[in-house]
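Following the hints, complete the assembly by docking chain D onto the known chain U.
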Amino acid sequence: MAELTYREAVAEGIAQEMERDETVVFLGEDIAKAGGVFKATVGLYDKFGPDRVRDTPISEQAILGAAMGAAMTGLKPIAEIMFSDFLAVCWDIVANQIAKIRYMTNGQVSMPLVIRTANGGGARFGAQHSQSVENWSMMIPGLKVVAPSTPADVKGLLAAAIRDPDPVMFFEQKSLYSSKGDVPEGEHIEEIGVAKVVREGSDVTIIALAAMVPRALDAADRLYSEAGISAGVVDLRSLVPLDTKTIFEQVEKTSRLVTVEENPRLCGWGAEISSIVAEERFWDLDMPIIRITTPHIPLPSADELEDMALPSVERIFETVRQGVD
Amino acid sequence: MAKRTTKRRISKSTKPKKQAARKSKIQLNDDIGEKTRLRMWQLQLEIRHVEQRAHDLFFQNLIKGTSHLAIGQEAIASACAAVMRPDDYTFCTYRGHAHTLVRGASMEGVLGELMGRECGLLGGKGGSMHLTDVEKGAMGSYAIIGAHLPIAAGAAWKAQYLKTGQISFCFFGDGTTNIGAFHEALNFSVVWKLPVVFVCENNLYMEYTPISDVTAVEHPAADRAGAYGLESIIVDGNDADLVYRVARDAADKARAGDGPSLIEAKTYRHSGHSRADPATYRPEGELEKWLERDPLKIYRKRLIDFGVKESKVVAIEKAVLEAVDDATEFAKNSSTPSKDVLMTEVWADGGASWRN
Numbered sequence: 332m333a334e335l336t337y338r339e340a341v342a343e344g345i346a347q348e349m350e351r352d353e354t355v356v357f358l359g360e361d362i363a364k365a366g367g368v369f370k371a372t373v374g375l376y377d378k379f380g381p382d383r384v385r386d387t388p389i390s391e392q393a394i395l396g397a398a399m400g401a402a403m404t405g406l407k408p409i410a411e412i413m414f415s416d417f418l419a420v421c422w423d424i425v426a427n428q429i430a431k432i433r434y435m436t437n438g439q440v441s442m443p444l445v446i447r448t449a450n451g452g453g454a455r456f457g458a459q460h461s462q463s464v465e466n467w468s469m470m471i472p473g474l475k476v477v478a479p480s481t482p483a484d485v486k487g488l489l490a491a492a493i494r495d496p497d498p499v500m501f502f503e504q505k506s507l508y509s510s511k512g513d514v515p516e517g518e519h520i521e522e523i524g525v526a527k528v529v530r531e532g533s534d535v536t537i538i539a540l541a542a543m544v545p546r547a548l549d550a551a552d553r554l555y556s557e558a559g560i561s562a563g564v565v566d567l568r569s570l571v572p573l574d575t576k577t578i579f580e581q582v583e584k585t586s587r588l589v590t591v592e593e594n595p596r597l598c599g600w601g602a603e604i605s606s607i608v609a610e611e612r613f614w615d616l617d618m619p620i621i622r623i624t625t626p627h628i629p630l631p632s633a634d635e636l637e638d639m640a641l642p643s644v645e646r647i648f649e650t651v652r653q654g655v656d
Numbered sequence: 103m104a105k106r107t108t109k110r111r112i113s114k115s116t117k118p119k120k121q122a123a124r125k126s127k128i129q130l131n132d133d134i135g136e137k138t139r140l141r142m143w144q145l146q147l148e149i150r151h152v153e154q155r156a157h158d159l160f161f162q163n164l165i166k167g168t169s170h171l172a173i174g175q176e177a178i179a180s181a182c183a184a185v186m187r188p189d190d191y192t193f194c195t196y197r198g199h200a201h202t203l204v205r206g207a208s209m210e211g212v213l214g215e216l217m218g219r220e221c222g223l224l225g226g227k228g229g230s231m232h233l234t235d236v237e238k239g240a241m242g243s244y245a246i247i248g249a250h251l252p253i254a255a256g257a258a259w260k261a262q263y264l265k266t267g268q269i270s271f272c273f274f275g276d277g278t279t280n281i282g283a284f285h286e287a288l289n290f291s292v293v294w295k296l297p298v299v300f301v302c303e304n305n306l307y308m309e310y311t312p313i314s315d316v317t318a319v320e321h322p323a324a325d326r327a328g329a330y331g332l333e334s335i336i337v338d339g340n341d342a343d344l345v346y347r348v349a350r351d352a353a354d355k356a357r358a359g360d361g362p363s364l365i366e367a368k369t370y371r372h373s374g375h376s377r378a379d380p381a382t383y384r385p386e387g388e389l390e391k392w393l394e395r396d397p398l399k400i401y402r403k404r405l406i407d408f409g410v411k412e413s414k415v416v417a418i419e420k421a422v423l424e425a426v427d428d429a430t431e432f433a434k435n436s437s438t439p440s441k442d443v444l445m446t447e448v449w450a451d452g453g454a455s456w457r458n
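Line by line, the protein sequences give chains U and D. Numbering-wise (the working numbering), the first sequence opens with residue 332 and increments by one. Numbering-wise (the working numbering), the second sequence opens with residue 103 and increments by one.
Some clues are possibly wrong.
[To be verified] Pair by pair, the computed Cβ-Cβ distance ranges are:
no.: 1; chain 1: U; residue 1: V368; chain 2: D; residue 2: K441; range: 45 to 53 Å
no.: 2; chain 1: U; residue 1: A365; chain 2: D; residue 2: G331; range: 20 to 28 Å
no.: 3; chain 1: D; residue 1: S437; chain 2: U; residue 2: V368; range: 50 to 58 Å
no.: 4; chain 1: D; residue 1: K109; chain 2: U; residue 2: I389; range: 24 to 32 Å
no.: 5; chain 1: D; residue 1: P188; chain 2: U; residue 2: R455; range: 28 to 36 Å
no.: 6; chain 1: U; residue 1: A419; chain 2: D; residue 2: L389; range: 35 to 43 Å
no.: 7; chain 1: D; residue 1: M445; chain 2: U; residue 2: I389; range: 36 to 44 Å
Simulated from the structure, these hints should not be mistaken for lab results. Backbone N, C-alpha and C define an ideal beta-carbon position, used for all residues, glycine too.
One chain only, chain U, in its complex shape (with noise of 0.2 Å):
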């Protein structure tokens, strides 16, 4: 094991896979000379040189598109869009092209590429450079999406999208990018699809994804030391796939489900799992379903306002209290 930051863990885990196949091609504004905005790709370059690692113009159609046309032709590119925001100017490419090519032309075509992003809020940057968009991507057929909580999972799991025969999203948070964590030396890799039950528990099954999952563990220390209630905390990791077998062990032992999701209130990826979770384990259940979000507002930027949007471990805290009472 090696210690390391979150953001070392994305570099570690490009550089895992560049070594091992000569298809992995990665390219982004910023991220060869420069090492990424946010440092998470330094010494790429220096190591596998401009043929593999490149740095583009600020024309994210572009980007998305060449990773695409080389993804269908044999290549494994990995495409960083610098802020998850800026999904929304290539968003053709990504839902139109890339998550239906597959289908459309009845599997002749594979689509083997990652899109790394820097998502979430937390850092004051103000409504188009804070959201949590992992939910856009969740309702496109034909994407698979993830968002890992810890270095080690950042380096495995992108590991794994990278080995991925299909399209991945991969979203890292940016408000834990300075975050340190164990990683496992030479060779890893995670499985996709598979969440983690991160604290056993027994009176409520907390889920959280990405920035949210440190502090659903916060909060379920509190709960425990301050008001006696056993939180276990569920890593959901992955949205698609969804793995509803873990979230299922869970509400059957625990009988009561709370989410903790950083985006905005609608159609947050909350809401589907409420919405399984109700169809199918109704029964198992001695509590309403509880979804702890953002509410529906764009991100503001001050210190104190940002707080009060994003789920906080005092809310969680509060909200699963009162619900378990």
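For chain D alone, coordinates are given in the frame of chain U:
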């Protein structure tokens, strides 16, 4: 990337005077040659008659949805196909029956797809606007304007990276020159020096509106070329020989590692934008004027002027018509898609599952 911007205008047809058979033979076997010319004749006929058949099948209610015909624009797709290597890539638009056919996709596959049959190129999952035949290098028909320009650049990037010598041809209409992806793809391809040939088929109308009403410059593609350090090239898109020569130059340049080209081929669609469009917006007499410049009419005359026996010219057309008839029958007799395919091929594992 400061490059000298140059202009090329290729619009004068070779006009052979009445001359001796020997001269004709020399013309026939010039830099293009008889074999290539006969191939381009055949390809143009294949497009014409398959498109005509698609039109007829539509009115028999055997083709649903929509379809965008390339009748009148056959020379461009045919000449470019004649330039391509078998392993080169074609990317085209929803008006892409022509570009897919000329790469060697089967007529029954094309007509079957339009008719929603099992024998269709895409098994009935794509339809008229998404014809694809990857084995033949026809890498897809894209129905959102502009999207396939960067995608074609990406396929060219693969060829550049793996040094395969392949190139991408990317076809689109005049309307595409006003969308952002066009400009992003051109700049990107020039900066990365990608082996891609962009071919704008300027048929004078973006859907229902004259392109000149909505474009800041007279030549929608060629006048933008200079902004990306590219040569401004306009060619008569109704003359297959002229298109062949500019496409060949562009392909040679791309294969030599000298980067992309942008060709504007002026042409005209004889029908409306799509099945739903009777094209009443066209000024009186415009269609008639262009029918005089029908690419098949021009080419038929060219071949005969160059000394190809009329019987040979006619025999090729007859064989094409027979092939279209056979393909039509085959497609009509093909089953509709089995219900089993609805939930297949979302993912590489062949399935559509999003949960466990």
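- Item | Pairwise beta carbon distance, D:K109 to U:I389, judged against the given window 24 to 32 Å | holds (29 Å)
- Query: Is it true that the C-beta distance of U:A419 to D:L389 lies inside 35 to 43 Å, as the hint says?
  - Reply: With Cβ atoms ~41 Å apart, the hint holds.
- U:V368 paired with D:K441, Cβ distance criterion 45 to 53 Å: holds (49 Å)
- Does the Cβ-Cβ separation between D:M445 and U:I389 fall within 36 to 44 Å? With a Cβ separation near 39 Å, D:M445 and U:I389 satisfy 36 to 44 Å, so the hint holds.
- Query: Should the hint that D:P188 and U:R455 are 28 to 36 Å apart at their CB atoms be regarded as holding?
  - Reply: For U:R455 against D:P188, whose Cβ atoms are near 56 Å apart, the range 28 to 36 Å is violated.
- Message: Is 50 to 58 Å respected by the C-beta to C-beta distance linking D:S437 and U:V368?
- Response: At 54 Å between Cβs, range holds.
- Item | Range agreement (Cβ of D:G331 with Cβ of U:A365, hint 20 to 28 Å) | holds (25 Å)
The structure does not agree with numbered hint 5 stated previously, though it agrees with all others.
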